[in-house]
Amino acid sequence: MTRALIKGPVADAALPEVDMSTSLGGLALPAPILTASGCAASGRELDQFFDLTSIGAIVTKSIMLNPRSGRATPRMAETPSGMLNSIGLQGPGIDRFIEHDLAWLEERGARVIVSIAGGTVDEYGKLAARLRTVRSVAAIEVNISCPNVEDRGQVFACRAGSASDVVHAVRRHSDPRMPLFAKLSPDVTDIVEITDAVVRAGATGVSVINTVLGMVIDTDTMRPHLAGVTGGLSGPAIRPVAVRCIWQIRQAFPSLPIIGMGGVRSGKDALEFVLAGANAVSVGTAVFHDPSAPSRIQIELQRALGARGFRRFADAVGFAHRPADLPREEDPDEFDFISE
Amino acid sequence: MTRALIKGPVADAALPEVDMSTSLGGLALPAPILTASGCAASGRELDQFFDLTSIGAIVTKSIMLNPRSGRATPRMAETPSGMLNSIGLQGPGIDRFIEHDLAWLEERGARVIVSIAGGTVDEYGKLAARLRTVRSVAAIEVNISCPNVEDRGQVFACRAGSASDVVHAVRRHSDPRMPLFAKLSPDVTDIVEITDAVVRAGATGVSVINTVLGMVIDTDTMRPHLAGVTGGLSGPAIRPVAVRCIWQIRQAFPSLPIIGMGGVRSGKDALEFVLAGANAVSVGTAVFHDPSAPSRIQIELQRALGARGFRRFADAVGFAHRPADLPREEDPDEFDFISE
Amino acid sequence: MAVQVRGEILDVRRAGAYHVLSLTAPGISENVKPGHFLTLGIGGEESSMLLRRAFAIHRVQSRGVYGGTLDIVVGVHGKGTKWLVDRRRHDPIDIVGPLGRPFVLPKEPVSTVLVGGGYGSAPLFMLAEQMRERGCRVDVILGAATEEKLYGALELKRLASTLTITTDDGSLGQRGRVTDVLGSLMQANDTAVVYACGPMPMLQRVAEIASDHQAYSQCAVEEAMACGIGVCMTCVLPVIGEDGVTRMLRACTEGPVFRGDRVRWSDVGTIPPDTLGAPTAGGH
Amino acid sequence: MAVQVRGEILDVRRAGAYHVLSLTAPGISENVKPGHFLTLGIGGEESSMLLRRAFAIHRVQSRGVYGGTLDIVVGVHGKGTKWLVDRRRHDPIDIVGPLGRPFVLPKEPVSTVLVGGGYGSAPLFMLAEQMRERGCRVDVILGAATEEKLYGALELKRLASTLTITTDDGSLGQRGRVTDVLGSLMQANDTAVVYACGPMPMLQRVAEIASDHQAYSQCAVEEAMACGIGVCMTCVLPVIGEDGVTRMLRACTEGPVFRGDRVRWSDVGTIPPDTLGAPTAGGH
Ligand SMILES: Cc1cc2nc3c(=O)[nH]c(=O)nc-3n(C[C@H](O)[C@H](O)[C@H](O)COP(=O)(O)OP(=O)(O)OC[C@H]3O[C@@H](n4cnc5c(N)ncnc54)[C@H](O)[C@@H]3O)c2cc1C
Ligand SMILES: Cc1cc2nc3c(=O)[nH]c(=O)nc-3n(C[C@H](O)[C@H](O)[C@H](O)COP(=O)(O)OP(=O)(O)OC[C@H]3O[C@@H](n4cnc5c(N)ncnc54)[C@H](O)[C@@H]3O)c2cc1C
Ligand SMILES: Cc1cc2nc3c(=O)[nH]c(=O)nc-3n(C[C@H](O)[C@H](O)[C@H](O)COP(=O)(O)O)c2cc1C
Ligand SMILES: Cc1cc2nc3c(=O)[nH]c(=O)nc-3n(C[C@H](O)[C@H](O)[C@H](O)COP(=O)(O)O)c2cc1C
Ligand code: FES
Ligand code: FES
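Residue numbers (the working numbering), protein chains in the order written: chain S, 7 to 346; chain X, 7 to 346; chain C, 17 to 300; chain E, 17 to 300.
Please note that a few of the clues may not be correct.
Under 10 angstroms between C-beta atoms, here's a sample of chain C residues computed to sit facing chain X [stated by the list, open to error]: (1) M17; (2) V112; (3) N205; (4) M241; (5) M264.
FYI, nobody ran anything at the bench for these hints, they're computed from the structure. The structure presented is a predicted model; accordingly, all values stated were derived computationally and were not measured. The C-beta atom is built at its ideal place from N, Cα and C for all residues, glycine as well.
For reference, chain S alone in the conformation it holds in the complex (with noise of 0.2 angstroms):
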């Protein structure tokens, strides 16, 4: 495990002393914060807002076999605390991806992983074919959230049987050392029959939560508002959504690596997240709201680690789950006012 403390830009005389570095089944990353899959498109854009290097890595927008187009607009929606997308997986396709997205991030410097998305297992398996032979991957995420467009579109998250399926066919085609992250739906029964299916298949880890199933009717044309119907809900409204998947997760799973995102806008929130048993989060919608934010929470969970007398990012992970404090005799006399 690498132990690289932050340093460069996002150092500051002010931050306190802690290892920030990750370690996510045979990743090593030096700092914990990733961007979101489809919030960060391929890095690019953020690199004016922040050094990409400082964070722990970018994980790229899904990608396809084949240029898409993604669906009609509108795409989005804002709700409370949230906001809707239906974007439809828009993208160049893998193979102008690795030539013009993959190169120039490798030039930069940056960490990445990739995400893939298929609309049949056998899209999948060719994807991580297709990546095997490149260098600069550090990781695949599998977005399992995709329509299966040989079951009438049933989405492979879903049902354990469909998440595996995917799950093994990349395991099979990526080098084996190649740590692989599902990513999961929250909009199951039971996400831990779930992991238990992606991790019997061969994934390294999870990624939780993606999007949480949603909908918004325009009132005025009362309509659908997004052209794809339904679409994505994302943001802090999902946040304890979030929580509650890590948290079911990692008490089932007690090593499992687990990349957490969701609703995660600052260093306080990033924690609640590693507290509940994340390795790494990522940072997703509160780009659109502020195009600094990996950076930002990475800095402010370094100081909310600093601050509650943590050393070493990795002993935080998972700390809410420790054993309850023996019962404190409440000594009356105790009190003071300072706790008021």
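With chain S fixed as given, assemble chains X, C and E with the ligands onto it according to the hints.
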């Protein structure tokens, strides 16, 4: 169906004439706004803020067979545009509820939908039997988002089988003409499947949605904030999830009575639910923010309907599902700046 | 009966570590008794903060150019109170009140002690006034962590027979806690009732000392409240009824003022096993 | 390159149906070209509104006591713009800019027409100035629903060779639409380029008329934007590339100014079947 227009304290010179009555599978209500279970106790405390008889009905806090202390505190946490609660169904038990609360509501002249909750299928049956003799019950809402003590605390609402068992028991012990609404949890892979199960088991309709399972970690104590660890997320944050659930159920069941709820804070929000397919709308968390919310929202809804040319509330139910307009020939000569 | 009104901020002024807010609250201020509280809508229409915030009513003026007005004392705790003290004159504010059960006043002109911790002194001003009107002896003890967290010492001195001050750091008055001085004061003045408002551990100790001296205590508690009006059940604590049975009572409607000897202070935050409807081994 | 800065509100003043906001924006105002826009964080820290709001940059002053400042023209549309015009002097505001691709200016001193609909005239002031500096002829057409929705007619009159006004209701200028007068104006002045900013149907018609007259058009579009910086893909519209292929381009980074003849105006809001990567019958 009654055709009463909202009159009395709710009326207002400028209020458009809209027939606000609604019919919920045999239950005719003069107006479509209800209180949400657990957010209005048994109505009494709200009577000082608005006339309880002016809204459609009071849905009472879920009552159990025996008195119940509920969970330890803290029982709530504020979250972005929402809140988490973990009350644990504190209540006086069915007997005292009937004597004390129902009697008061009857005297007050309010329409009452009684919400019931149990830890076993048998308990639900007993509650239904006990209510059979009570004249003032307009309908029963069956809160199936309770842990099944006989099945490792699995929530009834999360599996078609257990959901159906509960509804079946309630149906068997109720007056056959008693309208029964099964209150569904959004925390399932396929809410249409659960709806199908409860309808087959004898539910008149469904109430959607109950809270979304969530969690907050206190970053000071670095432990779960709620004594109950997880809690239910409610409020505007979850509104898009509620609209989506109502939409999906309405798509699958064109004429099923649906009571919608989840984050409604204004008449426009309520309209969104109605357009998505709700025959009535319950107001929950908004009451904590604004104790006169149910009555205010009903007036705002009436205005919003009037402004859109509706003469009858019933005509707006599910209106967003209407087939697409014929593709309008965009006539660029037709723009005017008024549309800006 | 509580009402909901749209009031207006008249003034926000600093007082040590706190801010005193004056609000117009027509229809509320007229009906306030000492110990009542109110709740305020926070953050404006598009705020992500849904829940109202509760504050003890400090003072009322039922006449004047603005109709009924009242004051509250606010300590900045988190984002809601921060927003509140940033308000400016004429900003609108949504108020619900008066809420809760006020302090029970003695019928006879007995000797009383009023104990306030931090901003807990806020509801004691009106109480002291009314007690004086009834001919009661009123000794006041104020305590806080430091001098600047004491509120209203000067004015309470005017209202009280005696004023004793304690601070944790000794920056004003006696170094130590209010409860260090309560016992001897009660003994000296033959106190019949103690009224207290402040943090839970203080209330617990006050209640115990009062009982030790065969005196009544009336304690105003502060529990996190989602609704403040009795409909949500978030604000409960275990209280022993007249029938000897412990129930989880709502601080907002059955409190915030409780008889000190009825509250199971050490069990606050739990469901004592002998509570009515407590979970049983086999049950829920 | 865009930067994110914490600016300050200097002034909010009404102008007909709109509000003009002056902001300090050090580091942004220095780099603005006509057609650039900016985005503002809305509602404060605890707001439920997460998304930034986009506004065309109307004017810049890069010197003065406040360092770089700039103006925007805001029409109240919904809750975010409502919040914005309620700001007061010295309120802080989070600004990202300059964003987007600005108008392309002619190299030669050609004859141009600038067409603004409603607040769409805002970015035309700087454009007109720079065009005059280059020796271009600048005819301006402003249109709106009613007189009060016209913005800046007086000042544009000063900057332009001619100013023509149309209103839908005839309350000022000619009754009708900007496009009723565009053709004849182009004919009379031998217009080489038309610049336009306003509602989509206006832009579509402007682009058509320009093409009919063998002129270029530069149209600044307005698409709903979640990020404004090119990372979210919400703001796309179908545009034909130099290679003849239609792609869904981002209005925020590949626009907001597009060549009018490249945008598939009638297909905006859809994915034309011949778009690169469009869904196929068997495919996604
Ligand atoms: C009956 C009563 C009377 C009160 N009187 C006063 C008073 O006179 N002056 C004063 O300064 N404060 C008083 N408080 C405490 C005040 O309500 C809290 O400080 C305030 O709610 C904190 O809000 P926040 O947004 O700043 O903090 P946050 O921590 O951001 O609040 C988050 C949530 O927790 C709740 N919460 C947090 N702390 C408390 C607390 N201590 N008590 C209750 N709820 C809390 C909030 O209401 C909110 O729902 C009183 C509380 C109660 C219940
Ligand atoms: C490049 C660009 C330049 C603009 N320039 C100006 C300007 O100079 N002056 C001006 O008054 N307005 C301008 N607008 C429109 C302005 O951004 C919207 O009026 C504003 O976002 C509406 O926000 P709201 O909260 O008031 O409305 P709401 O309807 O509450 O907004 C809800 C959501 O929809 C989005 N939205 C709603 N309407 C629009 C719209 N017309 N365009 C883009 N997003 C929208 C909002 O950004 C927000 O995310 C511009 C928009 C863009 C994209
Ligand atoms: C506009 C938008 C596009 C997204 N695109 C993708 C995507 O391509 N692949 C993916 O796995 N997740 C995608 N997501 C989901 C995010 O990565 C993230 O899981 C989710 O938004 C929750 O995190 P947040 O609340 O921080 O945004 C997208 C989210 C948004 C808002
Ligand atoms: C404090 C609280 C208590 C609740 N208690 C119950 C309950 O007893 N029974 C029930 O069916 N739903 C209960 N609910 C769920 C609400 O009825 C409602 O379904 C949910 O909160 C979503 O609606 P809202 O966002 O308008 O609150 C409760 C919700 C809250 C916030
Ligand atoms: S705060 Fe809701 S019942 Fe007391
Ligand atoms: S607004 Fe996000 S890409 Fe244009």
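Each hint tested on the structure:
1. Here the hint on M17(C) is kept, as its CB sits about 5 angstroms from the closest CB of chain X, short of 10 angstroms.
2. Interface hint status for V112(C): upheld, as the beta-carbon distance to the closest one in chain X is roughly 6 angstroms, under 10 angstroms.
3. For N205(C), the interface hint is violated, since its Cβ never comes within 10 angstroms of a Cβ in chain X; the closest pair sits about 36 angstroms apart.
4. Hint status for M241(C) relative to chain X: holds, with the closest Cβ pair at about 8 angstroms, below 10 angstroms.
5. Evaluation of the M264(C) hint against chain X yields a held restraint, the C-beta minimum of about 5 angstroms falling below 10 angstroms.
Hint 3 from the list above is the single one not met by this structure.
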